[in-house]
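J.: With the hints as extra help, turn the sequences into a complete structure.
Sequence order for the protein chains is W and G.
With my numbering applied, the first sequence has no gaps in its numbers, which climb one by one up to 370 at the end.
With my numbering applied, the second sequence has no gaps in its numbers, which climb one by one up to 592 at the end.
Source of the hints: derived by calculation from the structure; they are not laboratory data.
Quick caveat, the model's predicted, so the values are computed rather than measured.
Wrong hints could be hidden among the right ones.
Footprint (simulated), chain W over chain G, 3 or more residues, beta carbon under 8 angstroms [as the list claims (entries may be wrong)]:
# : region
1 : 112-122
2 : 357-370
List time: in silico SDA-like cross-link candidates among lysine to any residue, alpha-carbon distance up to 20 angstroms [stated by the list, open to error]:
#  : chain 1 : residue 1 : chain 2 : residue 2
3  : W       : K188      : G       : K387
4  : W       : K194      : W       : E246
5  : W       : K194      : W       : T210
6  : W       : K233      : W       : S208
7  : G       : K130      : G       : P120
8  : G       : K387      : G       : A443
9  : W       : K119      : G       : P120
10 : W       : K236      : W       : V212
11 : W       : K119      : G       : F106
12 : W       : K119      : G       : G109
13 : W       : K233      : W       : E246
14 : W       : K236      : W       : T309
15 : G       : K7        : G       : F106
16 : W       : K119      : G       : K7
17 : W       : K188      : G       : R112
18 : G       : K130      : G       : L105
19 : W       : K194      : W       : Q114
20 : W       : K236      : W       : P206
21 : W       : K188      : G       : I114
22 : G       : K387      : G       : P327
23 : W       : K194      : W       : S115
24 : G       : K7        : G       : R67
25 : W       : K119      : G       : I114
26 : W       : K194      : W       : S208
27 : G       : K387      : G       : A451
28 : W       : K188      : G       : G109
29 : W       : K188      : W       : K236
Each residue gets a CB set at the ideal place from its N, CA and C atoms; glycine is no exception.
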Amino acid sequence: MTEQSGGPVETAPRPRTVTLAERFPIHRLTLLAVAVLVTFGVVTGSWKTIAQGGVTGAGWRLFLVFGIAQGSIYALIALGYSLVYGILLMINFAHGEVFMAGAFASYFVAQSLESKGLLDRDPIPSLALLFLTAILVSMLVAVLLERVAYRPLRNAPRLVPLITAIGASLFLQYTFSGFFGSDAKGYPSVKSLNGTFNILGFPVSRTQVLTILTAIVMMVGLRLFIARTKTGKAMRAVSEDKEIASLMGININQVVVTTFAIGGILAGVAGVLFALNFSEVDSFMGFVPGIKAFTAAVLGGIGSVTGAAIGGLILGVAESIGPVLLLTGIHVPATNQLRDVVAFTILVLVLVFRPGGILGTGEPEKA
Amino acid sequence: MIGSKLLRRAAIAGLIGGIAIIYLALVGMIEKFEARHLIGDWLNLGRLMLALPPLLAAYLATRPRVQAGRVVRLSRGPAITAGLVSGVLAGGLAALWVAFVHLFPDGAVRNIFVAVSPTLLSIMTFGKSLLVGALLLVVVGAVLGALGGAYQTLPERLRRPLSIGLATTFMFALLQRIIPQLLFYLNLDSTWLYSTTFGGLTPIGAVVVFVVATALPALWASRGQMVRQRVAQLPPARRRTLNVSRLLLLAVVLVLLPRLIGSTLSQVLGQIGIYLLMGLGLNIVVGYAGLLDLGYVAFFATGAYLTALFTGAHLVTSLGAVASPDFVLHLNFYAAVPLVILVAAFIGLLIGAPVLRLRGDYLAIVTLGFGEIARVLVASSWLQKFTGGPQGLRDITDAHIGSVGFRDPQPFYYLVLAFCALAIFVSVRLADSRVGRAWSAMREDELAAEAMGISTVRYKLLAFAMGAAVGCLSGTLFAVQIGSLTPDSFTIVVSITALAVVVLGGMGSIRGVVVGTMLLIGLPGLLDEFEEYRLLVYGAALITVMILRPQGLIPNVRRMRELQEEEVAQDQWLKEEAPAVTAAGGGGGS
Numbered sequence: 004m005t006e007q008s009g010g011p012v013e014t015a016p017r018p019r020t021v022t023l024a025e026r027f028p029i030h031r032l033t034l035l036a037v038a039v040l041v042t043f044g045v046v047t048g049s050w051k052t053i054a055q056g057g058v059t060g061a062g063w064r065l066f067l068v069f070g071i072a073q074g075s076i077y078a079l080i081a082l083g084y085s086l087v088y089g090i091l092l093m094i095n096f097a098h099g100e101v102f103m104a105g106a107f108a109s110y111f112v113a114q115s116l117e118s119k120g121l122l123d124r125d126p127i128p129s130l131a132l133l134f135l136t137a138i139l140v141s142m143l144v145a146v147l148l149e150r151v152a153y154r155p156l157r158n159a160p161r162l163v164p165l166i167t168a169i170g171a172s173l174f175l176q177y178t179f180s181g182f183f184g185s186d187a188k189g190y191p192s193v194k195s196l197n198g199t200f201n202i203l204g205f206p207v208s209r210t211q212v213l214t215i216l217t218a219i220v221m222m223v224g225l226r227l228f229i230a231r232t233k234t235g236k237a238m239r240a241v242s243e244d245k246e247i248a249s250l251m252g253i254n255i256n257q258v259v260v261t262t263f264a265i266g267g268i269l270a271g272v273a274g275v276l277f278a279l280n281f282s283e284v285d286s287f288m289g290f291v292p293g294i295k296a297f298t299a300a301v302l303g304g305i306g307s308v309t310g311a312a313i314g315g316l317i318l319g320v321a322e323s324i325g326p327v328l329l330l331t332g333i334h335v336p337a338t339n340q341l342r343d344v345v346a347f348t349i350l351v352l353v354l355v356f357r358p359g360g361i362l363g364t365g366e367p368e369k370a
Numbered sequence: 003m004i005g006s007k008l009l010r011r012a013a014i015a016g017l018i019g020g021i022a023i024i025y026l027a028l029v030g031m032i033e034k035f036e037a038r039h040l041i042g043d044w045l046n047l048g049r050l051m052l053a054l055p056p057l058l059a060a061y062l063a064t065r066p067r068v069q070a071g072r073v074v075r076l077s078r079g080p081a082i083t084a085g086l087v088s089g090v091l092a093g094g095l096a097a098l099w100v101a102f103v104h105l106f107p108d109g110a111v112r113n114i115f116v117a118v119s120p121t122l123l124s125i126m127t128f129g130k131s132l133l134v135g136a137l138l139l140v141v142v143g144a145v146l147g148a149l150g151g152a153y154q155t156l157p158e159r160l161r162r163p164l165s166i167g168l169a170t171t172f173m174f175a176l177l178q179r180i181i182p183q184l185l186f187y188l189n190l191d192s193t194w195l196y197s198t199t200f201g202g203l204t205p206i207g208a209v210v211v212f213v214v215a216t217a218l219p220a221l222w223a224s225r226g227q228m229v230r231q232r233v234a235q236l237p238p239a240r241r242r243t244l245n246v247s248r249l250l251l252l253a254v255v256l257v258l259l260p261r262l263i264g265s266t267l268s269q270v271l272g273q274i275g276i277y278l279l280m281g282l283g284l285n286i287v288v289g290y291a292g293l294l295d296l297g298y299v300a301f302f303a304t305g306a307y308l309t310a311l312f313t314g315a316h317l318v319t320s321l322g323a324v325a326s327p328d329f330v331l332h333l334n335f336y337a338a339v340p341l342v343i344l345v346a347a348f349i350g351l352l353i354g355a356p357v358l359r360l361r362g363d364y365l366a367i368v369t370l371g372f373g374e375i376a377r378v379l380v381a382s383s384w385l386q387k388f389t390g391g392p393q394g395l396r397d398i399t400d401a402h403i404g405s406v407g408f409r410d411p412q413p414f415y416y417l418v419l420a421f422c423a424l425a426i427f428v429s430v431r432l433a434d435s436r437v438g439r440a441w442s443a444m445r446e447d448e449l450a451a452e453a454m455g456i457s458t459v460r461y462k463l464l465a466f467a468m469g470a471a472v473g474c475l476s477g478t479l480f481a482v483q484i485g486s487l488t489p490d491s492f493t494i495v496v497s498i499t500a501l502a503v504v505v506l507g508g509m510g511s512i513r514g515v516v517v518g519t520m521l522l523i524g525l526p527g528l529l530d531e532f533e534e535y536r537l538l539v540y541g542a543a544l545i546t547v548m549i550l551r552p553q554g555l556i557p558n559v560r561r562m563r564e565l566q567e568e569e570v571a572q573d574q575w576l577k578e579e580a581p582a583v584t585a586a587g588g589g590g591g592s
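T.: Written as structure tokens, this is what we have:
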């Protein structure tokens, strides 16, 4: 089946019958109209906002830094989507819950560390322990997810695993809220992470520095892993062509499990970072960041590590600056409420106009 | 006497069963469902949940296998032994877990796992001390496991009626709020059947239901063939009368239903109706056209808010004053509905047009994005002048016929019934029409359909518009039913519920959607303690159905073939060699 082969699917030139819809290509016209409208909106909105000067330079810098930190977290989650998509061509809709699981697990460790005073006394080993717990739990959840919900369906029609993924996402959310209670839990703050640096006039909190640095380290590590190790090579081979790869003696199942595990590790790290930044965890926290991270993955070009990083950063910044920049000028109240609208609009626009993403090929492969 | 392979299988099944018990305990279901009595005071839903895992584990571990193209059934001895092993392991694992929890000081585990209460532990140890309780768990597990294994070896002609009997008894026990009501209304005595103190069946009632429900299918098995043949031999005119009278009977029952079951349960019926409409609409998009729409809530919200604004409503400003929205018409409800449908269909087109060229999974995510955008917009301060923002709209004008309003559950039920009947009619006619055939062609192979001259653009748009038109009706009814709207009612959960209904029932199957709604909306409506676990169960159902029975409970035949195509191709060689396999593997499971 070409569908599973992963490579670009060759389509024969389609036989064309000239129908009404062909003569008046509705979708082309709509696309054009949407493009014009969006460009117009973005330009006038930003121009008006800047002309009015309601937001000071310091304000913009704050938004920018916040966006970059947020974007690094998105990028880490996005890599999970990207890797899995690259190999199985499926959207692991429950990846947001993998992220949530890590954050949740580290919460319990953080709480007990805090009650013993270790969190403030020995911040570095404590943080390491937090990350380690989150990584282990997220990895476990991701691998179990693959084994239980996806592996039996590896050869099913494409929408089938997507539906199970939605089911798994719901199942995990409510399992966690059943296990640990559905209320939001305050994540303990680490004293040594309080405080702000001033880097080139940009106010950056220590937590944000940690976030951005960790994300960079993880991504560089991942790139090296994929480029240099034997397993990384196997992953690349499988994403190129599953059948041929297995003929070359690569154990497909093992590679798939590894991929999910790596996605889990990154999501676990992202979970702790998210919890440190927002000081709260609950069992539904994974859903929206999950979709946004997916957006980031698509935006950057799904399947590419650099793409996920770029997509994450752009999305984070756009979401943080976008509502203010575009909407304040045209007198929309409470622009902050519309953050999610900006993110989802970006998702829709990218998928519609450039499904291959920034680093991708432009045209989506047709299945 | 028992092969090592079988032993391994039994052991794995048993361990999974044990994990299932621990899971159910941790998530709080066992304790919560303890309050729902099924039979007298000796079987309740919580205890059933404790008992099912070892039973099912043993049953599944000993199921017939296909080996080299032949179905191999276990004989009784090994099956019971294997079942015993599964049961002991399941019970043993649960017992170990209970002992493990006891190791910690009181309340330490509860600080993390909120469901681990002293009550739960007492349930798990049958109210005895730890040692006795743990032993009991193992023994009970062993007995249940052996039963499960033995059940598997019963001949088919016994097993089938028995299964039906058990399932019916269970359903009767679950419907404990409806059936006594019905009997009461019909002036029949129900105290022998349902216990007045516990609410569930009385032991005698349970036995009677079980015996009757077992005997009837057994009878049908011997006589049913003849009846079916005679129906088939009827002249077309007579058969038609038979069908019409069957429909009429159904209609009469449906019309009388709210009178029979009273006001509170009519409310549940109204809820079922709303989701049925949504399921039918989504079925057009997902089931017929094969486009996975995860943002269906957008149409539900559109229907609800438009109905409110077209028929008249108030909003509360941020200062707390009651005001009129900036745009409001005061149309008659029946004038507003067609208008709402038109606008919703147009919005369906708008959403559909840009995403037409996207592949299936991307389309799903984009529609999900649309759904979220709809929710955030409705709740935003920006549109507060129209939608009331987070506080929403209230005082929505009721629909009337003469002086009869529809807000009360019973009249509302009739409104819902009318709308559902209309939607079912439309769905049935669409499926058999040229349009329906075009959709199924497109769903099966878009390229081939296009090559055959089907304009996929047009038919996809049509699917979106039709789906939106039917789906918005559910929103309309929702607005009428509760009279006030808040954005909280329009979350992604609604889309996923509708999806679960369609998937569980069977994509593309109208009967399936009806059954799916009954199960997923009706049952939680009847059993309050389900409410908390509703979405957990939906999630589990989506996974299980897709893995074990992707065609749904009541499949649409054509759709079923598509979903199993891959599998059939894999099993082809078996069929050629041994025709017996097809008969046994007909369910199409793993």
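J.: Run every hint past the structure and note whether it holds.
T.: Results for each hint:
no., hint, in the structure
1, 112-122, "holds (count 4)"
2, 357-370, "holds (count 12)"
3, W:K188 - G:K387, "35 angstroms, violated"
4, W:K194 - W:E246, "52 angstroms, violated"
5, W:K194 - W:T210, "10 angstroms, holds"
6, W:K233 - W:S208, "39 angstroms, violated"
7, G:K130 - G:P120, "12 angstroms, holds"
8, G:K387 - G:A443, "45 angstroms, violated"
9, W:K119 - G:P120, "27 angstroms, violated"
10, W:K236 - W:V212, "32 angstroms, violated"
11, W:K119 - G:F106, "19 angstroms, holds"
12, W:K119 - G:G109, "18 angstroms, holds"
13, W:K233 - W:E246, "18 angstroms, holds"
14, W:K236 - W:T309, "17 angstroms, holds"
15, G:K7 - G:F106, "38 angstroms, violated"
16, W:K119 - G:K7, "50 angstroms, violated"
17, W:K188 - G:R112, "15 angstroms, holds"
18, G:K130 - G:L105, "17 angstroms, holds"
19, W:K194 - W:Q114, "14 angstroms, holds"
20, W:K236 - W:P206, "41 angstroms, violated"
21, W:K188 - G:I114, "12 angstroms, holds"
22, G:K387 - G:P327, "5 angstroms, holds"
23, W:K194 - W:S115, "15 angstroms, holds"
24, G:K7 - G:R67, "12 angstroms, holds"
25, W:K119 - G:I114, "17 angstroms, holds"
26, W:K194 - W:S208, "12 angstroms, holds"
27, G:K387 - G:A451, "46 angstroms, violated"
28, W:K188 - G:G109, "18 angstroms, holds"
29, W:K188 - W:K236, "41 angstroms, violated"
Of the numbered hints given earlier, the model fails hints 3, 4, 6, 8, 9, 10, 15, 16, 20, 27, 29; all others are met.
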